[in-house]
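Q: One-letter residues, chain by chain:
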Amino acid sequence: MRIMLEGGVISNRQATLLVVSTILPTSIMFLPALISGEAKQDAWISIIILTAFGVLVGLIIASLGTRFPGQTIIHYSEDILGRPLGKAVALIYPLFFIYINAFIIREFAEFFIISFMPETPISVFIIGLVFVAGYAVYSGLEPLARINEIILPLVLILILLIVGMNLLQIDTNSFFPVLEKGFLPPLKGAYPGLVFFAETMMMLMFIPYLRSPSGAKRTITLAVLILGFFQLLVTVMLIGVFGGLVAGMSFPLLQLARNISLARGIFHRMEHFILVIWVAGGFIKVGVFYYCAVLATAQWLNLRSYKALVPLIGVLLAVLSVILWENVVQLSHQIAEVVPPYFLTVEVAIPFILLVLAWIRGKGGKRT
Amino acid sequence: MRSIKYLFRLWRKRKPSKTKSGTDKTGGPYNQVQMLSPDLSVNLKMIREKLGNSMDFIIREFNIGKTRAALVCIDGLVDKEMIESHILQPMLIYARMAEPTPVKGEKELLKFIEDNTLTVLDYQELSSLDKLLDKIFSGYTILIIDGIAVTLAIETIGYEARDVTEPETESVVRGPREGFTERLQVNIALLRRKIKSPDLRLERMTLGEVTRTDICIAYIRGIADDKIVDEVKKRLQRIEIDGILESGYIEGFIEDAPFSLFPTVGNTEKPDVLAGKLLEGRVAIFVDGSPMVLTLPYLFMENLQASEDYYSRWPSGSISRWLRFLAIFFTTLLPPLYVAVISYNPELLPTILMITVAASRAGIPFPPVLEVTLLGAIFEILREAGVRQPRPVGQAVSIVGVLVIGQAAISAGIVSAPGVMIVALTGISSFAVPAQTAAYVFIRLFLLALTATTGFFGLTIGIIILLVHLTSLRSFGVPYMSPLAPINVAGWKDLFLRAPWWAMVGRPAVIARQNRKRIGSVTMPGPPRGKAEKPLGGEDEDNA
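Protein chains in written order, with numbering that gives the first Met the number 0: chain A, 0 to 367; chain B, 0 to 543.
Bear in mind the hints are in silico, worked out from the structure with no lab data behind them. All values reported here derive from a predicted model rather than from experimental measurement.
Facing chain B, a subset of chain A residues (Cβ under 10 angstroms, in silico): (1) Q13; (2) L16; (3) V123; (4) A135; (5) G139; (6) E148; (7) I149; (8) I150; (9) V275; (10) V278.
Below are the DSSO-like pairs computed for lysine-lysine, each with C-alpha atoms no more than 30 angstroms apart in a straight line: (11) B:K44 x B:K110; (12) A:K216 x A:K86; (13) B:K232 x B:K195; (14) B:K79 x B:K44; (15) B:K226 x A:K306; (16) B:K233 x A:K306.
Computed list of chain A residues with no C-beta within reach of chain B, every gap over 10 angstroms: (17) G81; (18) P83; (19) K86; (20) I99; (21) V162; (22) L231; (23) G247.
Every residue, glycine too, gets a C-beta built ideally from N, C-alpha and C.
Could you put the whole structure together from the sequences, leaning on the hints where they help?
A: This is how it looks when you write it as structure tokens:
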């Protein structure tokens with residue numbers, strides 16, 4: 000029997016919320032602009048396509064995870080592929096988690112610098128974010144899931160508030176004509192979003208710690224649907240309010256928040272408070288991938304405890320997120336154009352191949 | 000964090016060698032079981048040896064018929080009148096009258112006394128010296144009879160004690176006003192009067208090698224989670240200390256997070272509050288000599304609850320809940336927010352307000368952080384000075400505080416009016432939280448420090464660190480932030496609201512896991528349905 004490493008157990012609802020938190024904070028900030036570039040006023044169709052894709056990926060992930068109860072991908076890739084090859088494939092995951100996390104941390108730091116404190120050195124934000132995330136990871140899985148239950152509702156309420164307060168400014172003409180150039184633009188627009196919606200693969204590391212692992216499919220699907228709903232809401236809102244301008248904005252949701260002016264301008268500049276809550280949301284996202292990275296590394300190395308890895312990987316994350324990219328332009332270019340094929344391979348293709356192989360070779364129980 | 004723990008452990012390890020020799024001397028006699036002898040003079044000699052030359056120690060020797068006997072007790076702990084009229088008198092007078100009754104053998108004499116002469120309700124037979132000494136110090140009187148190796152410990156407790164009064168810590172407008180006292184028996188009786196169920200379990204323990212303090216664990220069997228009860232007992236049994244003077248000593252030994260700023264063990268001074276907690280499935284620990292009764296497990300939300308919420312109607316209960324939420328936010332976040340806005344993002348303020356604030360801050364030498372920290376420190380000093388003073392002096396303290404800080408400092412241009420306002424509001428808010436703990440002062444300073452370095456970002460980071468800490472805490476296995484995290488929507492009825500009683504169907508899910516339902520099939524109250532049942536005095540009468 001393999002060492003579980005994590006003694007905690009999270010409920011399926013906590014897992015659902017964790018999945019939402021893992022994807023939402025960045026997707027809702029970056030996706031609308033990326034999608035609108037290609038899909039224009041049909042961006043909302045892209046979101047629906049993406050949600051369907053997300054559900055599909057979730058089902059693959061959940062089927063794979065529930066086939067091997069009590070194990071993560073690091074363990075069962077060896078079962079499926081044999082020891083040397085399996086170990087090599089499993090190594091991809093800790094590295095991937097570290098790399099994607101460096102990405103996310105940098106995204107958030109850039110976001111904060113651009114829209115909030117342009118003169119502060121970026122390392123301040125990076126170190127701050129990595130430190131709190133590290134503290135949460137060090138405390139364990141259960142506190143991470145619990146703190147998410149406090150922060151995510153705030154994030155969701157905030158999105159609803161932003162949407163609600165701009166409701167009157169929607170111009171319905173912006174949505175027409177629907178599918179002006181056929182289905183191709185919405186499909187093309189959905190492409191950069193695939194990476195985000197495939198992040199449900201982090202559940203590969205979490206399924207063994209669910210209170211009822213057999214409910215993983217429902218858990219992930221529900222999470223993707225919640226996610227799709229909010230993404231759709233915001234996208235519709237952005238198209239309705241800004242029309243074609245969305246594609247040119249770096250953070251369209253922030254612009255939407257800037258639109259708000261309550262009580263004759265007494266409450267203006269609401270976006271600062273939004274940023275505060277947004278950092279909290281980003282912290283969860285970073286924390287989840289940080290946790291995945293630490294756990295995956297510890298399991299790959301067959302360590303007794305993952306706690307010693309927390310500071311090591313934290314330093315690595317902070318350094319990587321500073322040195323890997325020159326500036327925000329390079330960063331967004333990479334997100335939109337360079338990384339998707341690679342990320343999708345790790346996030347979807349490998350788990351899918353593993354699932355097929357497991358099925359063919361008859362590895363793993365049917366369902367527990 | 001870890002290194003601190005390590006240091007503490009090192010320190011602890013060295014300590015026992017020092018205290019061990021100390022406890023051996025004082026606690027030693029209790030350690031070996033010494034049986035009593037049948038010879039009265041030997042017994043008395045043993046007791047005298049143990050007690051030394053204590054001035055409050057009384058031995059009264061007398062005859063029961065032809066047999067020699069003695070009463071042993073401690074002056075001041077016993078009710079002397081009771082001993083005289085209910086023990087000595089029957090022994091000396093009636094025992095002689097009953098002497099013709101055939102008494103064969105020594106054992107039967109004891110039985111005869113128990114059955115025919117002793118006019119006291121509660122007594123026990125004892126045969127070991129250490130138990131005997133225990134009873135003497137609890138206020139029992141010991142009857143030793145020559146030729147019998149068994150003694151009678153007779154309950155004659157009667158010492159001076161404070162009456163049941165209204166506690167000052169948890170005063171209420173509506174609700175019972177009685178509070179616990181220093182006497183364990185009285186406290187337990189107060190609780191028994193509230194909960195008349197035979198399922199209320201009261202288990203006794205003795206802690207403290209020198210003080211031998213009586214402890215009582217109270218819970219309602221069938222409601223309290225067995226695992227929690229067992230865990231409480233296990234942790235109490237681990238305690239090894241020379242003395243327990245207040246329940247705080249025990250709290251320090253059984254809490255889950257000794258290094259945390261947040262308490263994981265609650266306390267109360269009121270029987271009605273305690274009864275409420277027990278009915279929710281909690282466990283209580285009474286400590287003789289302390290009116291503060293510990294309640295476990297203790298959750299963060301109990302910071303926001305006051306007994307009166309449950310006694311007044313639900314709208315007012317709910318509103319005071321919200322006010323307390325607001326108070327917690329104010330007392331921790333107001334100074335950091337002030338600093339973040341003034342020093343980093345003044346554009347957040349509406350333009351007119353910004354101009355006003357800027358004008359009042361013009362010419363102030365200190366940066367906002369220093370201003371708020373210094374004023375905060377002065378406020379805490381004033382508060383501390385006021386607490387320990389007799390009431391008239393306390394008023395003088397507050398007048399000086401108001402005049403010096405409020406007026407002189409502003410007009411002298413040392414601090415700004417907004418700064419004083421912020422600190423005053425922070426201080427007032429800290430009084431509005433029912434369970435005042437030092438935690439809030441530390442949190443405020445911690446957040447202030449972070450905000451002063453990186454503005455809103457630092458503030459956010461600080462809040463997240465706090466949240467991570469709070470969510471990682473557990474009190475006796477129960478997540479500290481429940482029902483907020485893990486989310487338990489049914490529990491919100493007693494967190495964000497004080498829902499009407501008929502709507503609060505269940506006990507807190509995380510605490511009373513075995514027995515959730517607390518309200519029967521009674522649903523929402525209302526006037527009787529159907530016309531025929533309408534009570535007299537309705538509209539019909541007016542019309543007629």
